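Trainee: Chains as they are written, first to last, in our numbering: chain H, 1 to 361; chain P, 1 to 177.
Take the hints with a grain of salt, since some may be wrong.
Derived coverage of chain H by chain P (criterion: at least 3 residues anywhere in the stretch with Cβ under 8 Å from a Cβ of chain P; other residues may be distant) [stated by the list, open to error]:
#	region
1	40 to 49
2	66 to 72
3	130 to 139
Label-pair restraints from in silico Cβ distances [said to hold, decoys possible]:
#	chain 1	residue 1	chain 2	residue 2	range
4	H	V171	P	E124	23 to 29 Å
5	P	N49	H	D37	17 to 23 Å
6	P	E124	H	N341	52 to 58 Å
7	H	T51	P	G43	42 to 48 Å
8	H	N230	P	N49	44 to 50 Å
9	P	K142	H	A315	53 to 59 Å
10	P	W13	H	K169	34 to 40 Å
11	P	V131	H	N230	47 to 53 Å
12	H	A315	P	Y7	19 to 25 Å
13	H	T284	P	I45	48 to 54 Å
I should point out that these hints are in silico values taken from the structure, not numbers from a laboratory. Here the structure is a predicted model, which is why all the values come from computation and not from measurement. Note that beta-carbon positions come from the ideal geometry of N, C-alpha and C, so glycine has one too.
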Amino acid sequence: MKKTINIPLGSQHISLLEPVRFKFECENEKIVGVDSDVGFVHRGIEKACTTKFKYDGIGYVVARVCGLCAITHSLSYTVAIEELLNIEVTSKAKYLRILLLELDRIHSHMLCLSHTCENAGFEAMFMRIMGDRELIMEIQELLTGNRIQFDYINIGGVNRDINLEVATKIVNNLDRVKEKVMGYVDEFTNNWSLSLKFKRIGALSLDDAYKFNAIGPLARASGLNIDVRNEIKYLPYHEIGFKMQTHIDGDINARNIVRLNEILNSIEMCDNILAGIPEGEIQTKYKGKPNGESVVRFEAPRGELMYYVKANGTAMLERVRIKTPTFASIPAFSHIFMGENYADAPAILASFDPCLSCTAK
Amino acid sequence: MFNFKKYRKKSPWILHYNAGSCNGCDIEILAALSPKYDLERFGVINTGNPKQSDIFLVTGPVTFRSRERLVELYTQMPEPKVVIALGSCTCTGGVFRDMYNVEDGIDRYIPVDVYIPGCAASPELIIDGIVKALDILEQKTKKMEKPLKLFQDASTKDGIINKRDCALKVGEKDEEN
Numbered sequence: 001m002k003k004t005i006n007i008p009l010g011s012q013h014i015s016l017l018e019p020v021r022f023k024f025e026c027e028n029e030k031i032v033g034v035d036s037d038v039g040f041v042h043r044g045i046e047k048a049c050t051t052k053f054k055y056d057g058i059g060y061v062v063a064r065v066c067g068l069c070a071i072t073h074s075l076s077y078t079v080a081i082e083e084l085l086n087i088e089v090t091s092k093a094k095y096l097r098i099l100l101l102e103l104d105r106i107h108s109h110m111l112c113l114s115h116t117c118e119n120a121g122f123e124a125m126f127m128r129i130m131g132d133r134e135l136i137m138e139i140q141e142l143l144t145g146n147r148i149q150f151d152y153i154n155i156g157g158v159n160r161d162i163n164l165e166v167a168t169k170i171v172n173n174l175d176r177v178k179e180k181v182m183g184y185v186d187e188f189t190n191n192w193s194l195s196l197k198f199k200r201i202g203a204l205s206l207d208d209a210y211k212f213n214a215i216g217p218l219a220r221a222s223g224l225n226i227d228v229r230n231e232i233k234y235l236p237y238h239e240i241g242f243k244m245q246t247h248i249d250g251d252i253n254a255r256n257i258v259r260l261n262e263i264l265n266s267i268e269m270c271d272n273i274l275a276g277i278p279e280g281e282i283q284t285k286y287k288g289k290p291n292g293e294s295v296v297r298f299e300a301p302r303g304e305l306m307y308y309v310k311a312n313g314t315a316m317l318e319r320v321r322i323k324t325p326t327f328a329s330i331p332a333f334s335h336i337f338m339g340e341n342y343a344d345a346p347a348i349l350a351s352f353d354p355c356l357s358c359t360a361k
Numbered sequence: 001m002f003n004f005k006k007y008r009k010k011s012p013w014i015l016h017y018n019a020g021s022c023n024g025c026d027i028e029i030l031a032a033l034s035p036k037y038d039l040e041r042f043g044v045i046n047t048g049n050p051k052q053s054d055i056f057l058v059t060g061p062v063t064f065r066s067r068e069r070l071v072e073l074y075t076q077m078p079e080p081k082v083v084i085a086l087g088s089c090t091c092t093g094g095v096f097r098d099m100y101n102v103e104d105g106i107d108r109y110i111p112v113d114v115y116i117p118g119c120a121a122s123p124e125l126i127i128d129g130i131v132k133a134l135d136i137l138e139q140k141t142k143k144m145e146k147p148l149k150l151f152q153d154a155s156t157k158d159g160i161i162n163k164r165d166c167a168l169k170v171g172e173k174d175e176e177n
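Let the hints inform the model, and build the full structure from the sequences given.
Mentor: Dropping the structure here:
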């Protein structure tokens, strides 16, 4: 007789923001096998980029791949095109781009932390973090004009200039967020009932992280030293005080702590940017059509994002390939579920911060 | 006796389904439920069970694989129910219109009561839409409670619903058009 039972999670489930289906093979409470299906939200954006839209509009289309890391998508594409057209972006535009990139990272990490708490059954913490997240959304709206889909970056620069009023508002709000985040650090490290749900659950060892090619906060929580921000040269990350955040435990708690530390580091970077933002234009004029190939990597809130663009000298591109962070981490996800309790599955899943609309495109 | 129908408007439960959206509208729903906008003051709660919910919030243009699940969730919900299309791409297809795996909006598959445009729709708009949906929910409840045999007009003869007459009337209208 068969000893295991199959429990499906998804495609529609209260703990999921997006449709994904996991089929857990359970032996009593323990998960012994995982099967995942991620293709529910496939829309065909890569194909549409080469048939429907011209090259100067694609930056706004690829932002719709994912609402959470929209800015990273449009920035990666834009930098790829700028390399092909040999555009030199002004340093003010570069700093404004980093500013929005880091603000986006803060709000994405806060959403992930609150969602992890909710799935672990701590509704009050979910409400608290979501309430404080509005401070970030407010300054994003002031800076770009929209809360989620910014459409801030265009080829050659950015669409809106920053003024003194907005800058002071950003600094004030970031100060308030910093205080709140210090409170969360205390809560996540010292709260006993949260530690029951998070500590030593869903652990990934350093060897496994290396073997399964984990990236982003998932890998950094296991002690793997990878962050694209440390390696790229398109944006001056080394000037504004970027620090690598790692942890050694590899469990859900470690991922939360890494995210909290990254939020603190991002706040520090934003403050540094606003303290010394250079004068100048925000837009560079450009001419011509892109020709050739280029590859660009960026650090999205979930890990490395890679864009490959191939152009042939006309307004329509030949190929746009998007490699997203969640797609690269799926083998590691499946490995972590093995041997865990089924009751912990939603919390573990939320702690990965999966983005399925990125994965399926 | 406690009258459940009377209080349905005071505690509508929401079922949320992502039919291929970019997550933008989904996180705005979460933001609308959070303390700043506080949708829960209308008695709204986000539930994962279609059999207990009154309002169906759909985001995203319907992708090829999610359409069956969309229709299935709709049919599992009990009457009366209200469907809200949230976001530009849910209403018409938006930027995703005419992509090969996209079905251009949910109203090709299920009837929609409230359309909320915007990319991404802001929490204020979501609250407006849901308050509007509550009125529609109340109207639908009243319509359901109306005794059919007493007040049905045009299609009834001697208080009995005549289905053949109904069908004939519809046929005549078609010919006129």
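Trainee: Evaluate the given range 34 to 40 Å for the C-beta pair formed by P/W13 and H/K169.
Mentor: About 37 Å separates the Cβ atoms of P/W13 and H/K169, which means 34 to 40 Å holds.
Trainee: Given a hinted range of 42 to 48 Å, is it respected by the beta-carbon distance of H/T51 and P/G43?
Mentor: holds (47 Å)
Trainee: Closer than 8 Å, Cβ to Cβ, for at least three residues: run that test on the region 40 to 49 of chain H against chain P and report holds or violated.
Mentor: Satisfied; 8 residues make the cut.
Trainee: Do P/V131 and H/N230 keep their Cβ atoms within the hinted range of 47 to 53 Å?
Mentor: At 48 Å between Cβs, range holds.
Trainee: So does H/A315 sit 19 to 25 Å from P/Y7, Cβ to Cβ?
Mentor: violated (59 Å)
Trainee: Count the residues of the region 66 to 72 of chain H with a beta-carbon closer than 8 Å to any beta-carbon of chain P: does the count reach three?
Mentor: holds (count 4)
Trainee: Taking 53 to 59 Å as the stated bounds, is the beta-carbon spacing between P/K142 and H/A315 within them?
Mentor: The hint (53 to 59 Å, Cβ to Cβ) holds, given that P/K142 and H/A315 are roughly 56 Å apart.
Trainee: Please check whether P/E124 and H/N341 have a Cβ separation lying inside 52 to 58 Å.
Mentor: violated (41 Å)
Trainee: Is 23 to 29 Å a correct range for the gap between the Cβ atoms of H/V171 and P/E124?
Mentor: Check passed, 26 Å falls within 23 to 29 Å.
Trainee: May I ask you to test the hint 48 to 54 Å on the CB atoms belonging to H/T284 and P/I45?
Mentor: holds (50 Å)
Trainee: Could you see if the CB distance from H/N230 to P/N49 stays within 44 to 50 Å?
Mentor: With Cβ atoms ~45 Å apart, the hint holds.
Trainee: For the pair P/N49 and H/D37, does the Cβ-Cβ distance stay inside 17 to 23 Å?
Mentor: 21 Å Cβ-Cβ, so the 17 to 23 Å window holds.
Going through the hint list in order, the structure does not satisfy hints 6 and 12.
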